[in-house]
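*Asks:* Chains as they are written, first to last, in this note's numbering: chain A, 997 to 1766; chain B, 108 to 182; chain C, -5 to 289.
These are computed hints drawn from the structure, not numbers from a lab.
Here chain A is said to cover these stretches of chain C; the calculated rule only asks that three of the stretch's residues, wherever they fall, bring their Cβ under 8 Å from a Cβ of chain A:
id: 1; region: 177 to 190
id: 2; region: 266 to 274
With a Cα cut of at most 20 Å, we get these calculated EDC-like pairs of lysine to aspartate or glutamate:
id: 3; chain 1: B; residue 1: 120; chain 2: A; residue 2: 1605
id: 4; chain 1: A; residue 1: 1047; chain 2: A; residue 2: 1068
id: 5; chain 1: A; residue 1: 1408; chain 2: A; residue 2: 1705
id: 6; chain 1: C; residue 1: -1; chain 2: A; residue 2: 1058
id: 7; chain 1: A; residue 1: 1427; chain 2: C; residue 2: 245
id: 8; chain 1: C; residue 1: -1; chain 2: A; residue 2: 1106
id: 9; chain 1: A; residue 1: 1758; chain 2: C; residue 2: 266
id: 10; chain 1: A; residue 1: 1428; chain 2: C; residue 2: 189
id: 11; chain 1: A; residue 1: 1222; chain 2: B; residue 2: 162
id: 12; chain 1: A; residue 1: 1427; chain 2: C; residue 2: 189
id: 13; chain 1: A; residue 1: 1053; chain 2: A; residue 2: 1106
id: 14; chain 1: C; residue 1: -1; chain 2: A; residue 2: 1055
id: 15; chain 1: A; residue 1: 1590; chain 2: A; residue 2: 1500
id: 16; chain 1: B; residue 1: 123; chain 2: B; residue 2: 139
id: 17; chain 1: B; residue 1: 136; chain 2: B; residue 2: 163
id: 18; chain 1: B; residue 1: 126; chain 2: A; residue 2: 1605
id: 19; chain 1: A; residue 1: 1222; chain 2: B; residue 2: 163
id: 20; chain 1: A; residue 1: 1277; chain 2: A; residue 2: 1676
id: 21; chain 1: C; residue 1: 237; chain 2: C; residue 2: 205
id: 22; chain 1: A; residue 1: 1427; chain 2: C; residue 2: 241
Beta-carbon label-pair distances, calculated as ranges:
id: 23; chain 1: A; residue 1: 1540; chain 2: B; residue 2: 144; range: 38 to 46 Å
id: 24; chain 1: A; residue 1: 1684; chain 2: B; residue 2: 144; range: 47 to 55 Å
id: 25; chain 1: A; residue 1: 1543; chain 2: B; residue 2: 128; range: 39 to 47 Å
id: 26; chain 1: A; residue 1: 1055; chain 2: B; residue 2: 119; range: 41 to 49 Å
id: 27; chain 1: C; residue 1: 146; chain 2: A; residue 2: 1758; range: 43 to 51 Å
id: 28; chain 1: C; residue 1: 175; chain 2: A; residue 2: 1424; range: 25 to 33 Å
id: 29; chain 1: B; residue 1: 122; chain 2: A; residue 2: 1698; range: 56 to 64 Å
id: 30; chain 1: C; residue 1: 175; chain 2: A; residue 2: 1761; range: 44 to 52 Å
id: 31; chain 1: A; residue 1: 1426; chain 2: C; residue 2: 161; range: 43 to 51 Å
id: 32; chain 1: A; residue 1: 1761; chain 2: C; residue 2: 223; range: 30 to 38 Å
id: 33; chain 1: A; residue 1: 1382; chain 2: B; residue 2: 128; range: 37 to 45 Å
id: 34; chain 1: A; residue 1: 1417; chain 2: B; residue 2: 119; range: 57 to 65 Å
id: 35; chain 1: B; residue 1: 109; chain 2: A; residue 2: 1285; range: 52 to 60 Å
id: 36; chain 1: C; residue 1: 229; chain 2: A; residue 2: 1758; range: 26 to 34 Å
We put the CB at the ideal spot given by N, CA and C, even for glycine.
What follows is each chain in one-letter form.
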Amino acid sequence: MDEPRWVGARVSRIDAADKVTGRLKFMSDLSFPGMLWGAVLRSAHPHALIKKIDTSKAEAIDGVVAVLTHKDVPGLNGFGIVVPDQPVLCFDKVRYMGDAVALVAATSKEKASEALRAIEVEYEPLPVVDDPEEAMLESSPKVHADGNIHHHIKVERGDVDAAFREAAVVVENTYYTPRQMHAFMETESGVATMDEDGNITVWCGSQHPFRDQLQIARALGMNPRKIQVVSTPTGGAFGGKDEITVQIYLALLALRTGRPVKIVLSREESAVAGMKRHPMKIRMKTAAAADGTLLANEVRVVADTGAYASLGGPVVNLAIEHSCGAYRMPNVKLEGFCVYTNNGLAGAFRGFGANQVIFALETQIDMIAERLGMDRLEFRRKNALRQGDVAALGHTMTASVGAVATLDAASKCEIWVRREELKARPSAPHKKRGVGIATELHGCGLGVGLPDYGAATIELLPDGRFAVGVSCPEIGQGNTTAFAQMAADSLGCSVEDIVMVSGDSRYTLDSGTSTASRSVYTGGNAIRCAAARMREAIADVAAEALGAPREEIAFGRGSVEARSCPAGEPTRSAGRLSFREIACIAESKGRRLKTEGDFIWPVADRGVEGYFGLPHLIYSYITQVALVEVNTLTGEVEVLRAVSIPDPGKAINPVGIEAQSEGGVVMGMGYALMEDTVIEQGITKTPNFSTYIIPTSVDAPEIETIIVEELEPSGPFGAKGIGEAVCVPITPAITNAIHDATGIWITHIPATAERVYMALRKQAGEPAGA
Amino acid sequence: MKVNVVLFGTMRKYAKEDKFQMEFEEGAKLSDLLDRLKIEDRVYIIVLVNGRRADEDTVLTDGANVHILTPVGGG
Amino acid sequence: MSPRKLGYVVPETLREASEFLREHAEHARVIAGGTDVLVQLRRRPERGGADGLRWLVDISRIPGLAGVSSASGTIRIGALTTHEEIARNPIIRKGAPLLAEACASVGSPQIRARGTIGGNIMNASPAADTIPALVALSARVRLSDLGGTRDILITDIFEGPYRNSAQPGEVLVGVYFDALPPTCRSAFVKLGRREALAIARLSCAVVIERDGAGRVVRAAIAPGACLPMPAQVSSAEEILAGKVPDEATVDAAAREVAEEMVRRTGVRWSTDYKKPALEAIARRAIWRALGVNVE
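Chain A on its own, in the form it takes in the complex (with noise of 0.2 Å):
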């Protein structure tokens, strides 16, 4: 193959120009003839008894076409991607305030809250769950009949009792992280219609088209043929989107009606029926060697789930996985408990487990090294895993490890090289300046036991252009362009010559999910085995047009020809032919060029008995490093600097990377500083930005992105994913900076300016109140 010319270079987005000038169509934004407005009624309590619901007056209201209850579901009354625990429209109880218990459509949005209101349900309100501790006890009571305790996993190697007892340093402590929400830009939205035929189709924003028509079928006792789901473009995932949200809502209500119906959710009602980030309370324990050796991590997570399982079960799993980060660790007492309460509900978050973790490990980290008096960088430098090493779960990492190559990189950034002096210069005298840095390694894909495929379409169309479908729906990470790169590589072209098709049931084959860093990988290995059936499929048409031997056909750019003269000599120019000219060739014998491709991921040598998930093969690895000021007067923190250092195998677009990258920086640093949903006895309490508080542009600090390519040989072109882990390690970065700054260890995030503050005063040896 020739030297890629695409891959690798800084592409514009291909579909930049659509979504600045506000062309690009979301689905909110779709309209129908004849579109009913629907609403969804959800729970004024957060647990409690259903006794009675009665729509009469709703159904009375003029302009209410329908107003369906829990009877109105006909096939399943229940969706989850793991277990179907959510009900559809809650019959016998609600758990949580986001909970549906009735849906109206009407013919404007007015007449459908009007129906809302009119509804009524008699309920018998139950004690609220709100401790994720407290409702592991027996004696708590049940959110679900089945008891309180969703999933525990249990992991065991080596003997960490033995290394804690041979150890020079053994750090202990507990650690509490925040409920993060996505905060995307679309709320939770679309359309669904139906035809003459009875065949559904519903335009809704997620992660996985496929998944989506399966649980729609579920819910509504229908084939899956018979619904299609377009979910390309989503304005914005982050793994919120990666459940069921409005689809069955919609699909239901357009099965009753007969006619398109519209569901957009207000930001208030997402933000309580959402998904969020799990809070998890974090127990570790780690030990390290006088000579800075890591010897042994034992750690016991408590997860808040919410009130549904969703994917609480394996976030709990990857949480085990990477707890122990990207360190070699021969001893590992590793457990997880993914708990039932009625606060919210949390699930699939960017990072997926591994922020709450990382944070927890990566301040264990600098503790051990400060005690040991070793430098933070040399001793993560000094434990980093190596190709080959066998990691903490015990299996082997076979795969591209950049961990060293990124902490090495790290190590010459300037901020690093220069913070003794960046420190010696804050910008008023109360304030205090310091250098943090974290590293983390990022399962792609979904690991051991879990199959994960890809497959990819490409047609070769009448202008010679090329139509490349993969279903990874587009959610804003920019995996179209990265994919109609690899397309132009892989069959000569020009990125302005590929249409992407994304994100559709009906016109691509089922690639999965746009989750687990993992569409870059499955898509662009897909298309390339796609595009090597096309590059035949063309040879053989050219052949024949050409009259030439088939081994003689030889691929350009954007062309083919007959290399039917001795090497060196120039080609007949009359030997050759255009992709448009093959299409036509093609065309006038009544034939299409379309080639499908598949792909099938490489696992983990060993997997962990009993569990599905974990651990992966491949991990991205990634090194970022935050300069903050320190306001002692205030505990105001302000981050200033940021140096974020992935290893995404090759880099497919630099730009996409750095986008990534920055976009992550800021995630992770809200994460730290100020993100948190409150729920108060099972009410939330940040419904809207204006109390949810996420950085803004004026608060994101410079960021440099350094990128570290560690070729991963099984990936499209080298390439790993790079999604999830750019968010992950920049938030103990800033929280071991504060430390740098002050000498305070923050072990509660987020760090607001009463946390930092108090953590000051308690470090002055002032009584709080004083």
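Got chain A; can you put chains B and C on it based on the hints?
*Replies:* Showing chains B and C alone in chain A's frame:
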């Protein structure tokens, strides 16, 4: 003809082994294979035949690789 | 979250507005930029939404209520003047720079372009950014009703958080204060949870006038978002009065601001943080009003 079958995750409960071969008459469909494994819930499962999503009417061929799984997600 | 049926009237004169507001009393509410009212309408009544409301009275078409003017040393700001206009206005930047700073710190560009000073006052949020500045300027507000107008001190318009003392029928038409002389300096300092679009958790407005010898002849200190009712802290002002302020004096005044806050609010769960943080902010504001930028 012989077909290679792999069961994943919770689908493993339908056979003693994760990976095995099954014998079918020419022209057998995927539904015959699912019948023989006594897999009842056919709405929320994914079956790949040679890496591509298949449905119950898909005709099996000799040497086909059949992967049976439930939809999953993960990070 | 629960849109409700509301009537919307657009009076063209103050008389029409007052007549309507008198007739509908607590069922009607004035709306101008809408940046607070519309947010409150989205809340469920049981969570602090505007319950019992039937009418919105849009005063934005009434002539003469917008703009900044100045006559014989008195500055007048019409109730409909937006934060953006005030922040940019040369009369304000010269005669009341702390108010320009406060208006520039409100919300986002969009909110500043719509939100009005009249709305900021009448919404009576404890966290309103313009109020500490207006209190430090000893501003007066003018209320109009069918019988004419009356002027009251800015501090008298507040009855409590989100409650103003206007009578049914009264419309705020403007706010007045004396332009600060060149011998005066002022400052507004705010602590938010982020750099932009932040609702103040604490703020402090300070005006200081000094004589040729550097002695303080007038000091006004008004903290925001922390007192039960907006007010100056005269005990702190007295510490500065008549002195050429040195570090100890400024520290003592700032400490007094924080201590006075605790005296007025009592000790709450947040006091451990708010007291030292307000002291730090007050110190910063006082120094800046003395011409020393201590960030």
